[in-house]
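From first to last, the protein sequence lines stand for chains V and A. For the first sequence, my numbering gives the first residue as 3, with consecutive numbering after it. For the second sequence, my numbering gives the first residue as 425, with consecutive numbering after it.
Mixed in with the good hints there might be a few duds.
Per label pair, the in silico range of CB-to-CB distance [what the hints assert, rightly or not]:
hint, chain 1, residue 1, chain 2, residue 2, range
1, V, 103, A, 628, 39 to 49 angstroms
2, A, 453, V, 310, 52 to 62 angstroms
3, A, 487, V, 191, 36 to 46 angstroms
4, V, 356, A, 863, 54 to 64 angstroms
Facing chain V, a subset of chain A residues (Cβ under 8 angstroms, in silico) [what the hints assert, rightly or not]:
hint, residue
5, 520
6, 521
7, 768
8, 770
9, 773
10, 811
11, 834
12, 835
13, 860
14, 872
No wet-lab data here; the hints were simulated from the structure. Cβ atoms here follow ideal geometry from the backbone N, Cα and C, with glycine treated the same way.
This is what each chain is made of:
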Amino acid sequence: MAEFFTPTTEQEFAENFAQLKPVMNRTEALYESSRCLFCFDAPCIKACPSGIDIPQFIRQINSGNDTGAARTIYEANYFGNACGKVCPTEVLCEGACVYNLQEVKPIEIGRLQSYATTKVIKSGEKLFGPGADNGKKVAVIGAGPAGISAACELRALGYTVDVFEAKAQPSGLTVYGVAPYKITNEETLAEMDYLQAQFGYNTHFNSPINSREELAELENKYDAIFLGIGLGKTNELGLPGEDKINCTGAVEFIAELRQHHHEVAVGRKVIVLGGGNTAMDAASESSRLGAETVILAYRRAKEEMGAYEFEYDLAKGVGVKGLFNVAPIEITGNGYVAGVKFIRTETKDGKVLEIAGSEFVEPCDMVIKATGQAKQTEFLGLISGLKLDGKGRIIANAHTGQTSNPKYFASGDAWNGGAEVVNAAAEAKLTARGIHAYLSK
Amino acid sequence: MPDLSINFAGIKSPNPFWLASAPPTNSGYQIMKAFDAGWGGAVWKTLGVPVVNVSSRYGGLNYRDKRLIGFNNIELISDRPLADNLREIEEVKKRFPNHAVIASLMVQTRQEWHDIVRQSQDAGADGFELNFGCPHGMCERGMGSAVGQEPKILQMIVEWVMEVATKPVIVKLTPNISDITEPAMAARRGGADAISLINTIQSIVGVDLDQFAPYPIVDGKGSNGGYCGPAVKPIALNMVKNCAQHPDIKLPISGIGGIENWRDAVEHILLGASSVQVCTAAMHFGFGIIREMTSGLEQYMVEKGFNTIYDMVGKALPNVLHWEDLNMKYKVTANINEDKCIGCQLCYTACEDGAHQAIRLNAGTRVPEIIEENCVGCNLCSLVCPVEQCITMERTDDGTQHLTWKERTEAGTAPTEFNDEKAGGRHHWVPEPSAALGKERHKTLPGKARLYSGETVLPAEAE
C-alpha cells in the first residue's frame with residue numbers, strides 16, 4: 003500500500019506535495035514575530051549566507067511594517083521569498099536561533115521571511131529601481147539565483163544587463179530543481195516577475211550559449227560577462243545497464259516533475275541511488291507520486307549520508323526505506339529497468355570496501371540516480387584563460403568573483419561546486435559589486 | 425482549608441473577589457451568573473439618572489501578540505431605568521442572600537442622593553459605593569471624578585449620604601489626582617465606612633494612524649476615556665499603599681486595578697486591601713477566571729499558613745518605606761549562570777546602552793561576562809534575560825552595615841555641592857565618549873556588508 007495515491011489532477015498533486023512551509027497569515031506572523039528576542043549580534047544573521055538582518059525584519063513585521071521587513075530582506079538577498087521557503091533553515095538561521103539552547107522551538111524565520119516577501123510581491127509595490135544609466139553593458143549567462151541576483155544588483159548600479167538562459171523560465175533550480183513541496187512554480191515565478199519589473203534587466207530565454215562564436219560575440223558587445231551557469235547533468239555512474247528505460251538522473255527527474263507535475267509517471271517500486279539532499283528529495287517525490295515502495299540505497303552507512311538529518315526524516319516520514327552499505331554494480335532488466343544488482347559494502351578507515359560474494363538483486367521498475375551533477379567543464383573550456391580547480395569549479399577572487407579571465411566573473415554552483423539558493427544569491431550580489439569595481443577603474 | 429470569607433466594613437462576602445461596577449455588573453442576569461461561577465460579590469453598574477451611550481465604546485492596548493494589557497472605555501453609568509435595576513437587585517439578593525451586592529451610585533443633588541440611597545436600601549443592597557471616580561463623560565457634567573478631585577465637595581456628598589444610609593458606604597476614589605490620600609481623608613471626614621480604589625485613569629489608549637483619531641473612534645472622532653487593565657496595577661498598588669499607610673485614614677480598602685489572577689489579588693491584599701474588585705479581566709476572559717483566583721488564593725494561604733484573609737492584609741506595608749530610609753550599604757551584583765545562558769546577549773546590550781557598561785563580550789563565547797567592579801546592582805540585566813534564573817542578583821555586602829540617606833544627611837556625609845567628592849558616581853568608571861564610535865554602525869549596513877564590517881572588502885557604494 004502506497005503512502006500516497008497517485009495524483010491525477012493538479013489539485014491532487016498539490017495535496018500530495020503540500021507546502022512544508024505554508025505562508026503565514028497576519029496573526030501567525032504576529033505571534034511568531036512576538037517571540038523573537040532581538041538578540042544582540044544575532045546568531046541567525048551570522049548563520050545566513052546572505053546576512054539578512056533577521057531580528058530587524060522580524061521586529062518590522064511585529065510592528066506592522068511588513069513592507070519595511072521585505073525591504074530589509076531584499077536589500078540583502080534578491081531571492082528573499084524563495085530562500086524563506088527553500089533554504090535549509092534548520093541548519094542555517096533557525097538552527098542558530100538561541101531558543102535551541104533552551105530547548106524551545108526556534109523562531110520560524112523562513113516562514114516569517116516569506117510572509118513579508120509574499121505580501122510585497124502580491125502588492126507589486128516597488129522597493130527598488132535601476133540606477134542612473136552608466137553606459138556600460140554586462141551579459142549574464144544563466145537566469146538562476148546567481149544570474150538574476152547579479153542582474154538586479156548590476157541594474158541598481160546603472161548597467162544595461164542582458165540575461166541569456168537556455169531554459170524557458172528564470173530562477174534555475176528554484177523552478178527546475180527544488181522539491182515541489184518547498185515552493186510552487188507560481189511563487190517562484192512571481193518573485194522573478196517582481197524583480198524584473200523593478201530592475202528592468204533584459205531576459206533572453208531558450209537562448210543557450212554553447213559555442214566559442216557565441217562567447218566571442220558577447221565579449222565584443224559587453225563590458226563584462228557574468229557566469230551563473232550552475233552545474234550540468236547528473237553524473238554517469240558507468241554501470242552496465244545504465245541506459246535502460248526508467249533509469250534516470252534525479253536532476254532530470256525533478257525538472258520534469260516541477261514542469262509537468264502529476265503528468266510525470268513514477269515506477270511502482272523505485273530505487274533512488276545516493277545519500278545527499280537531492281536523493282532525499284527524489285525519494286520523497288517518488289513516494290508522493292504514488293510509488294508503492296521507495297528504497298534509498300546508499301553505499302555507506304546511514305550516519306555518513308551527506309543529506310541533512312531533517313531531509314532524511316522528511317523522506318522517512320513519507321515511507322521511504324533506507325538500504326545502506328550497498329553499492330550498485332548493474333542495472334538489470336531487458337530494455338526496461340527490472341532491478342539493481344548491489345554488492346554489500348563496509349567502511350574501513352573512511353574507504354568503502356566491497357564484500358566479495360555479497361551480490362544481490364533488488365527488483366524495481368525505476369531507478370533514480372542522485373549521484374551528483376557534472377561540472378560544465380566543456381563549456382568553460384571555451385573561455386580563454388579561464389582556470390578551473392581540480393574538481394572542475396571556476397577559480398575566482400573570493401571578494402569580487404573575478405575569474406582568471408578578467409572579463410569573466412562567476413557566482414553560484416559553477417563557482418562553489420553546488421550549494422544552496424541563498425549562497426548563489428549572496429555571492430552574486432558581491433560579484434556584481436566586484437564587476438562594478440572592475441569597470442569603474 | 426483557609427477561610428476566604430470577609431466582612432468588609434460590615435459587608436459580608438464568601439470570598440474577597442468582587443466584580444467592580446462596570447459592564448459585567450450591568451444586569452441581574454450577569455451578576456447571578458457570576459455568583460453561580462463563584463464570585464463573592466458584585467458592585468452594580470452605577471445607578472443614577474439613566475444615560476444614553478455612544479456606539480464604539482472600548483479601546484484596547486496590545487503589546488506584541490498580547491491583547492488588552494490595557495483597556496479604555498468611554499461608556500457611562502447605567503443606561504437602564506432605576507426601577508429595573510432595583511427589581512433585579514432584589515431578585516439577586518433573594519437568590520444569593522450571603523453574597524455581597526453593592527449599589528454603585530452617582531447623582532447630583534442632595535435630594536437625589538437621599539432618594540437613591542433609600543431606594544437601593546429598600547431593594548436589599550448590602551452597601552453602597554459612591555462613584556466619585558469616573559473620568560470621562562460624567563465628569564463633564566460635574567459628577568464622577570469631578571467630585572473625587574474636590575475633597576470638600578466629596579466630603580459634603582458623603583455627609584448627605586450618611587444622613588440616610590443604614591448600610592455601609594464605600595467611597596470610590598479617582599486616581600486622577602496628585603495625592604490620593606486627600607480625597608480619602610475627605611471621605612473619612614464625611615463619615616464613610618470604607619474606600620475603594622482606583623477608578624480608571626484618564627487616558628487616550630491609542631491613535632489611529634490612518635484616521636488621525638483617538639480610539640475608540642466615534643464617527644471619525646474620539647474622546648479621552650478611562651484606562652484600566654493589567655497595565656494600571658502598579659499605579660493602583662501604590663495608591664492602595666498610600667491610603668493604607670496613612671495614619672489618619674484607617675478605613676477598609678477595596679483594591680481595584682489590574683487584578684486578573686490570584687497573584688494580583690494577593691499583592692493588593694498585602695498592601696492593605698481587604699476586598700478586591702475585578703472588571704477588565706472578566707470582560708476579557710469571562711466570569712470563569714474566578715476558579716483560578718480562588719484556588720490560587722487558597723493554595724497560597726495554605727502554603728503561608730494564613731487562616732483568614734485578615735492574616736495577610738497589609739503584610740507588606742511595614743516593608744514599604746520612603747526612599748531615604750533604604751539601606752545604602754546593601755549591595756547586589758549580577759551573576760550569569762553559564763550553563764543556563766543561551767547567548768542572546770540582551771543583558772550585554774541592555775547594560776551597555778541602558779545602564780552602566782558592566783557587561784563585556786569575550787571572543788570565542790556568546791556568554792557575556794559581568795564586570796563586577798562596574799556593576800551597580802541595578803537588576804536590568806536580570807530583568808531582560810529571557811531565561812529563568814539565569815542572571816541572579818547576589819548579595820555581596822556582609823549584611824552587618826546599615827546606613828540610610830536620611831542618616832547620611834543628618835551626619836553631613838551626603839553630597840551637597842555640584843562637584844561634591846561624595847557624589848555616588850564620582851569614582852565610577854565610564855568609558856570615554858569617543859569609544860562608542862563604530863560599535864553599532866555596521867548594523868546599519870544591509871546584508872553581507874554588515875558581516876564584513878571592519879574589513880576592506882566593502883565597495884564604497886555600500887557605505
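Each hint tested on the structure:
no. : hint                              : verdict
1   : V:103 x A:628: 39 to 49 angstroms : holds, 42 angstroms
2   : A:453 x V:310: 52 to 62 angstroms : holds, 59 angstroms
3   : A:487 x V:191: 36 to 46 angstroms : holds, 39 angstroms
4   : V:356 x A:863: 54 to 64 angstroms : holds, 59 angstroms
5   : 520                               : violated, 40 angstroms
6   : 521                               : violated, 46 angstroms
7   : 768                               : holds, 4 angstroms
8   : 770                               : holds, 6 angstroms
9   : 773                               : holds, 4 angstroms
10  : 811                               : holds, 6 angstroms
11  : 834                               : violated, 44 angstroms
12  : 835                               : violated, 43 angstroms
13  : 860                               : violated, 15 angstroms
14  : 872                               : holds, 4 angstroms
Figure legend: structure checked against the earlier numbered hints; hints not met, in rising order: 5, 6, 11, 12, 13.
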